[in-house]
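Going line by line, the protein sequences match chains A and B. Adding 792 to a residue's 1-based position in the first sequence gives its number in the numbering used here. Adding 792 to a residue's 1-based position in the second sequence gives its number in the numbering used here.
The reader is advised that the hints may include incorrect statements.
[Unchecked claim] So, partial list: chain A residues that the calculated Cβ filter (under 7 Å) puts toward chain B:
hint, residue
1, ALA854
2, ILE863
3, ARG866
4, ALA879
5, THR890
6, THR917
7, ARG926
[Claimed, not checked] The list that follows gives simulated cross-link-like pairs (lysine to any residue, SDA-like), each with its CA atoms no further than 25 Å apart:
hint, chain 1, residue 1, chain 2, residue 2
8, B, LYS911, A, ILE880
9, B, LYS960, B, HIS1013
10, A, LYS911, B, GLY914
11, A, LYS911, A, VAL801
12, B, LYS911, A, GLU814
13, B, LYS911, A, VAL892
[Claimed, not checked] Here are the simulated distance ranges between beta carbons:
hint, chain 1, residue 1, chain 2, residue 2, range
14, A, ASP839, B, ALA828, 44 to 50 Å
15, A, LYS960, B, THR932, 45 to 51 Å
16, A, LEU997, B, PRO858, 21 to 27 Å
17, A, SER988, B, GLU1001, 43 to 49 Å
18, A, ARG989, B, PRO858, 24 to 30 Å
19, A, LEU997, B, HIS841, 46 to 52 Å
20, B, LYS1014, A, GLU929, 31 to 37 Å
21, B, LYS829, A, GLY871, 44 to 50 Å
22, B, LYS829, A, ALA828, 56 to 62 Å
Just so you know, the hints here were simulated from the structure itself, not pulled from any lab data. Cβ atoms here follow ideal geometry from the backbone N, Cα and C, with glycine treated the same way.
2 protein chains.
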Amino acid sequence: MAKVDTSLVAHLPLFAGFKPEELEEILREARSARYAKNTAVFEQGEDAHSFFLLLHGHVRAAKTTPTGEQIVVRYVSTGETFGLAMAIGLTQYPATATAVDDSVVLAWPTGTWPRLVQKFPGLATNTLQTVGARLQETHTRVVEMSTQQVEQRVAHALLRLAKQSGKKLDHGIEIDFPISRQDIAQMTGTTLHTVSRILSGWEQLGLIESGRQRIILREPHKIVVLAEQHPEDGGAAR
Amino acid sequence: MAKVDTSLVAHLPLFAGFKPEELEEILREARSARYAKNTAVFEQGEDAHSFFLLLHGHVRAAKTTPTGEQIVVRYVSTGETFGLAMAIGLTQYPATATAVDDSVVLAWPTGTWPRLVQKFPGLATNTLQTVGARLQETHTRVVEMSTQQVEQRVAHALLRLAKQSGKKLDHGIEIDFPISRQDIAQMTGTTLHTVSRILSGWEQLGLIESGRQRIILREPHKIVVLAEQHPEDGGAAR
DNA sequence: GACTGGTTTTGCGCTAACGCAAACACCTGT
DNA sequence: ACAGGTGTTTGCGTTAGCGCAAAACCAGTC
Chain A
793 MAKVDTSLVA HLPLFAGFKP EELEEILREA RSARYAKNTA VFEQGEDAHS FFLLLHGHVR
853 AAKTTPTGEQ IVVRYVSTGE TFGLAMAIGL TQYPATATAV DDSVVLAWPT GTWPRLVQKF
913 PGLATNTLQT VGARLQETHT RVVEMSTQQV EQRVAHALLR LAKQSGKKLD HGIEIDFPIS
973 RQDIAQMTGT TLHTVSRILS GWEQLGLIES GRQRIILREP HKIVVLAEQH PEDGGAAR
Chain B
793 MAKVDTSLVA HLPLFAGFKP EELEEILREA RSARYAKNTA VFEQGEDAHS FFLLLHGHVR
853 AAKTTPTGEQ IVVRYVSTGE TFGLAMAIGL TQYPATATAV DDSVVLAWPT GTWPRLVQKF
913 PGLATNTLQT VGARLQETHT RVVEMSTQQV EQRVAHALLR LAKQSGKKLD HGIEIDFPIS
973 RQDIAQMTGT TLHTVSRILS GWEQLGLIES GRQRIILREP HKIVVLAEQH PEDGGAAR
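Please model the entire structure based on the sequences and the hints provided.
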């Protein structure tokens, strides 16, 4: 079990307000692990044996419906926690987590959570903040899905991805991990085909540049306009 | 400031694991208040001055978009907390809370939260559970909106409402507070008109009985079937 | 360097659901 | 009893986006 440098994680929201020695103690309980691109960290329905902190890479959390459709719940970026099933009172993972890039995680056995929280109440309040933030984001998503049309939703999704995991290039912002049209469809509640059409359109207009599982925003500002623009603008309430 | 009977609230998840005297101390910090039908408990964007526990009645939490559309986030039932902005790191309420029935709440000034949590760490973990549960529910909603069609979504919404706030009658289950087609539309991401058409259809078939802001499920079981039935069943993945 | 499997593009027909409009029921207060 | 307002129903034309199908594309692999 490799020792984790506290300085690498000390600034994370999860550990806000902790002293170095406390941090050390918490980290001692975790093991680190690598997951190669396209391997599962855990599967939906599986017993929640651990909770995780992503140190490196990107992880996709997705839910599968009884009929087999998949919905992307979120993309986890470096520094974020995931698989918190235990903390929110679940014994099984509610989604599947897959590394979309070679990734490195810290994993705490689920059983350590009650003990850690008892000893370090700040963990609970910090986690409450992050779960609360996710709840907000998910509500935003519901609102978008209810009120906006597909093109706006895709625009928002790209902007969010760019913000979260964008790599600045001189000719734009590149989304920093492999992402397919299918993935974007599953984030926005539409189909692969519709996403493809929309992105093709944008590429014509020079707003983006894209290839196989690769998207570069060339004109982020114009995409913001698209995202905020309402169909038949000045639009009335539903 | 009226004294609140601890026995009325002791069993609530929020207070799980607390001793009567602790409970007493927590309750001492709260004031109780009444809100008449159709009055706002707080408005979206307003400074989060308090957080609440609903003792009696029903409260609707809804978000308003920049363009004026409203989306119902959830209906709060007796015993549930709401307006937890502070706990999840917000200084303003992210939604508007309106009493849909004459309602009674307990209200804690936002400023008491840090102190209470510090003294009673169990509050944080209990709240984490409930916020986690809400996150799950919201994810379910996203999945439904992405994969199901309007009729199924409306069926699910009614079943959830019936479960949460259903009053058992001999000829069915009545949703225990005034709810309009508009409200249901805002819960399911569709329009008033479409909801009306669907409910009319169901009424023809004898599945429900309904009137002005009033819905009775006469054949809950058949509605479950509707909710689970997939268009062109055996349906393929998106 | 051809093969193979996943990804993307594009065309075309179809339909679920929207949007608008108008009429209608019901409840409340005067 | 009546008026006014809020909620509901229903018809009708329109359309955004789905679903299917087929082709083109691309990146590794053998």
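What are the numbers of the hints the structure violates, in ascending order? 1, 3, 5, 13, 15
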